[in-house]
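Please model the entire structure based on the sequences and the hints provided.
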Amino acid sequence: MTHVDDYDLKILTLLQSNGRLTNQELSDLVGLSASQCSRRRINLEQANLILGYHARLSPDAIGLGMVGLIEVRLINHTAEYVESFHRMVEQEQAIVDAYKTTGDADYLLKVAVADLNSLSALISQLVAGHQSVSHVKTSVVLGRMKENGLMMIPGEKTR
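In UniProt numbering, the protein residues as written are 1 to 159.
One thing to keep in mind: the hints can contain errors.
[To be verified] With a straight-line Cα cutoff of 25 Å, these simulated DSS-like cross-link-like pairs (lysine-lysine) come out:
1. Lys137 x Lys110
2. Lys146 x Lys10
3. Lys110 x Lys100
Read the hints as simulated data drawn from the structure, not as lab findings.
Below, the structure written as structure tokens:
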């Protein structure tokens, strides 16, 4: 495991909020030279502590304005059923995030679809299309308050 000191932690935190920061901007915020920040960023990337840089898109921007949360319970946890479910999660584009959980559900899926009909079709596919799934419980997201650590409500502080 890579040792992360206070400077690395500050760099990680700043990049999480804004992955477009230059090394010079990081150096001004962290208190190190730009070359030191560059070396540290490269080390953090090579240690897989920074997994990538991307643009966070609004679901509306790509026509997927309906977000849902689906709790999934499997019939049983045999290797065949678990692998079948994992393959489905990997292949289904509408599934944005998937978490293995404790409690009543085995998995929690965050999905983004175009509309209610698309959500209904996805739920049907989960239930009818996969012998491994015994139960689903779906919630439709009415509003996004906080996502990826940032407040989403207009007028609220976002950084």
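Check your understanding: So which of the earlier hints does this model not fit?
Key -> Going through the list in order, the structure violates no hint and respects every one.
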